[in-house]
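Using the sequences and the hints given, assemble the complete structure.
Line order of the protein sequences matches chains R and X.
What the first sequence shows, in the working numbering, is residues 129 to 432, in sequence order.
What the second sequence shows, in the working numbering, is residues 2 to 268, in sequence order.
Any given hint could be a false lead.
Going by beta-carbon spacing under 8 Å, a handful of chain X positions derived as facing chain R [to be verified]: (1) 98; (2) 101; (3) 102; (4) 104; (5) 109.
Computed footprint of chain X on chain R, listed as stretches where at least three residues anywhere in the stretch have a Cβ under 8 Å from a Cβ of chain X [to be verified]: (6) 198-204; (7) 224-231.
Bear in mind the hints are in silico, worked out from the structure with no lab data behind them.
The C-beta atom is built at its ideal place from N, Cα and C for all residues, glycine as well.
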Amino acid sequence: MPVVSARKLVKRYDGFLAVDHIDFDIEEGEIFGFLGPNGAGKSTTMRMVQGVSPVTSGKLEVLGMDITRRSKEIKALIGVAPQEDNLDPDFPVVRNLTTYARYFRIPAEEAEKRARRLLEFMQLEEKADAEIEELSGGMKRRLIVARALINEPRLLILDEPTTGLDPQARHLIWERVRELKRNGATIILSTHYMDEAEQLCDRLVIMENGRFLVEGRPKDLIQQVVGPCVLEIIDPEEGRDIESYLVSVGAQVERSAYRIYAYSKQCQTIQSGFRERFPDTYSTVRSATLEDVFLRLTGRRLRE
Amino acid sequence: MSWLSNIDYGAVLVWRRNADVFFKTWKTNFLPSILEPLLYLVAMGAGLGGLIVGLKYAGQDIGYVRFLAPGLVAISIMYGGFFECTYGSFVRMHYQKTFDAIVATPVSLEDVIAGEILWGASKSFLNSTIVLLVIQVMGLTFVPEVLFAAPTALAVPALAFLGGLMFSAIAMIFTALVPNIDSFNYPFYLLVTPMFLLGGTFFPISQLGAAEPLAYIFPLTHVSILVRDMSLGLVRWVDLASFIYVLAAVVVTFIPAVYLMRKRLIK
Ligand SMILES: Nc1ncnc2c1ncn2[C@@H]1O[C@H](COP(=O)(O)OP(=O)(O)OP(=O)(O)O)[C@@H](O)[C@H]1O
Ligand SMILES: [Mg+2]
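Structure below.
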């Protein structure tokens, strides 16, 4: 039985359709990613799964229970690290965890033990008595993840857990997420970092305008959407016929400012032809990544 | 209104969160409650009261400072809950996102609102009990007129909690409706200040003449009547009416407070 199961799930804010009839199943023990540009509906979907945002229509089951009828039971079994910092500034670090534990009816002594252990887990033990306002942004994110674990959840929901973190802190979170998965937790996460999604997620969806553009394993998606490789060209002078040339040899072409990306199954062959035709233009062949998938599907334009 | 059934022990957990924060810095929190009644007793009681002769309350002669003191207790009941559930709750809701954090746990949004209102009532209870204690200490020392020896005076803190529930729930309705924190000026200027001045606090409402019946609309008027009569040991029919008013107002304001907060916060 899937841990989360959504059928024709819809969320409307007043008239605005934020989540538009999506279907998905998240299996026990997997890391499932929500990707997509700003405003795609990732947080909205995750907030419905948490039971804090009412479902407009459709069916949503979490841990085998209907979210609209049994959200209290569900909330007791899941852990949530929201996108927005909502640590309690009225309490120092360790009290943030113990106060939160109390909302789950965890006895004080047990809460204290778990809080100390989680601070260690997130490498925050030295900050145990610090005030929240004394923490850096990255420390706050780590504390939010620690807080999400206080009830030893079966399902962990992490909404952009690594946004704004330095590389060390990101790697720490990745390490911890993998460790939690090894211990049997199911994890839902959203991220704007494609390398993160590629490394962590067993399966992911790319959303836009409340709908899924694709769903699958990172490796499969790269193969399906982009192919094995990319020819990347730096072309500061627009208006030359590079793009039309590449199209004429059968590549799929995207441009982003000075960069042109040509997707094809035979990057090397195309590159040799290209070098003959445009000998002075820099070009390189690399393997395709999830970032290429994302850019191909959602376009290179910035959206608000 | 099935959402009312979402209220359970979670409300107590929310109450405890606020109480923990308050008692962390209780010394600074209690200081204003001690100083304010002293200032009023000196300024209004000794200063102004000396000019007032022939004051009557419930048909009996009464000195001004003895009339005033229970009014100060009633005022602290109003301000305790009203401040807490306007500015205090708004800061927790809007700036600190404390409510968002809590509703991700098995504590429901209804618990949060109920817990906030319980805490507001506790502030009314704490503040007014301190004011009453300060007054009694003054009564035992420098101002014997303000000693309230009637046994019913002992029940004033319990009434303070009940009145606090009413003021907190009214405040929560405004918190659910205001677009931003500055908008609290309106309920304060249009409701709280008029009650503070006219709600049977600084002078008997009979002084209002033809407008006296209007004063009975104000929640504070009823709290003033009850606190004063309990302090003085008076038992009158109007006390029963005022008690029923407060009891009914708690229910009548609590339900829309929860309803409107749900409407504001559930998205
Ligand atoms: N409370 C709300 N009221 C009205 N519209 C909302 C509300 N919350 C979100 N939306 C809208 O719903 C859409 C989806 O928002 P959501 O927060 O789910 O996006 P997201 O994918 O998480 O984006 P981001 O990457 O920026 O976090 C957006 O267009 C947003 O403006
Ligand atoms: Mg989001």
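When the hints from earlier in the document are held up against this structure, which numbers fail? When the structure is compared with the hints, none of them turns out to be violated.
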